[in-house]
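With the hints as constraints, model all of the structure from the sequences given.
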Amino acid sequence: MVTEALVLSAILFVIGTFGVLIRRNAIIMFLCIELQLNAVNLSFVAFSRMFGIEGQLFVFFVMTVAAAEAAVGLAIIISIFRHYETVNVDSFNLLKW
Amino acid sequence: MTFFFYLFAGLATGGAIGVVLAKNPVGSLLFMVTTLAAMAGTFVLLEAHFLAAIQIIVYAGAIMVLFLFVIMLLNLGHEYKADLKGGAFSVLSFGLIGGIAGLVAPEISSADVAPGPGAVAIDAAIAEHGAVGAIAEPLYTTYVVPFEITGILLLVAIVGAIVLAKREV
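In the order they appear, the protein sequences are chains A and B. Under our numbering, the first residue of the first sequence is numbered 2, with each subsequent residue one higher. Under our numbering, the first residue of the second sequence is numbered 171, with each subsequent residue one higher.
These are calculated hints, taken from the structure and not from any lab test. It is possible that some hints are incorrect.
Said to hold, decoys possible - Taking beta-carbon pairs under 8 Å as the criterion, some of the chain B residues facing chain A (in silico):
#: 1; residue: A179
#: 2; residue: F213
#: 3; residue: A232
#: 4; residue: I233
#: 5; residue: L244
#: 6; residue: S260
#: 7; residue: I270
#: 8; residue: G286
Built from N, CA and C at the ideal position, the CB exists for glycine as well.
In structure tokens form, the structure reads like this:
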């Protein structure tokens with residue numbers, strides 16, 4: 002069961018990375034980052050079967066950080082949308098050279 | 171047991187692919203909820219019952235509804251045109267992903283990942299304190315400082331979100 006969970010975690014992480022790389026919609030990219038965080042959570046839970054309860058505690062902290070990150074990130078997306086009227090990341094080229 | 175694990179694994183993988191490929195952001199979000207629920211199922215199979223409940227309540231409940239609010243607020247639900255990056259970038263992504271998968275796969279298959287002393291310790295803790303108490307006991311003793319710092323982080327995030335999303339600063 003632990004091996005299968007680690008494989009599933011790797012698959013979900015790779016799909017999340019792929020989503021961040023190929024999508025242009027900022028909200029979907031953000032959603033894919035959440036997917037990556039969840040894949041890592043699954044790894045932590047699987048490893049807690051080997052090394053003890055600390056893995057589950059770490060998942061608890063990761064979820065808290067993810068909630069804080071979602072709140073701040075979505076606020077940033079809202080303020081960017083007010084400025085540019087779009088969430089397509091190709092439009093945000095002010096710092097690009 | 172194994173059947174349910176593969177059921178949840180299939181649901182989670184299918185949902186994740188849906189998140190990446192769905193054109194409508196709301197559809198993407200609903201696929202994400204499917205993935206999160208299926209992952210809560212795998213948490214139950216790995217004896218992490220409290221985390222499975224938190225996964226459903228906090229992730230699928232609170233965070234995904236926050237995303238949905240933002241999509242509705244910005245009125246993006248009707249955006250059906252594809253926004254995938256094309257051409258060379260996709261090829262580059264595939265190469266990168268293949269590299270990551272190629273590095274990770276041999277590590278997983280060669281690692282010794284049988285349930286070890288941790289499983290015994292967790293089962294004993296759950297039998298003694300219950301599913302919530304097994305996590306709460308170390309959280310409020312050994313790891314109480316990180317727990318308090320998490321509280322400060324949440325406070326800062328609340329203030330930051332309000333300041334950023336306010337119309338006139």
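Going down the list of hints, with the structure as the test:
1. Look at A179 (chain B): its Cβ gets to within about 5 Å of chain A, closer than 8 Å, so that hint holds up.
2. With its C-beta approaching chain A no nearer than about 6 Å, F213 (chain B) sits inside the 8 Å limit, and its interface hint holds.
3. For A232 (chain B), the interface hint holds, the least distance from its beta-carbon to any beta-carbon of chain A being 7 Å, beneath 8 Å.
4. Using the Cβ-Cβ criterion of 8 Å, the hint placing I233 (chain B) at the interface with chain A is satisfied: the shortest such distance is roughly 5 Å.
5. Below 8 Å, beta-carbon pairs count as interface contacts, and L244 (chain B) has one with chain A at about 5 Å; its hint therefore holds.
6. For the restraint placing S260 (chain B) at the interface with chain A, the shortest Cβ-Cβ distance is roughly 6 Å, inside the 8 Å limit, so the hint holds.
7. For I270 (chain B), the suggested interface contact is upheld, since its CB lies about 6 Å from the closest CB of chain A, less than 8 Å.
8. For G286 (chain B), the interface hint holds, since its Cβ comes within 8 Å of a Cβ in chain A; the closest pair sits about 4 Å apart.
Checked against the numbered hints above, the structure violates none of them.
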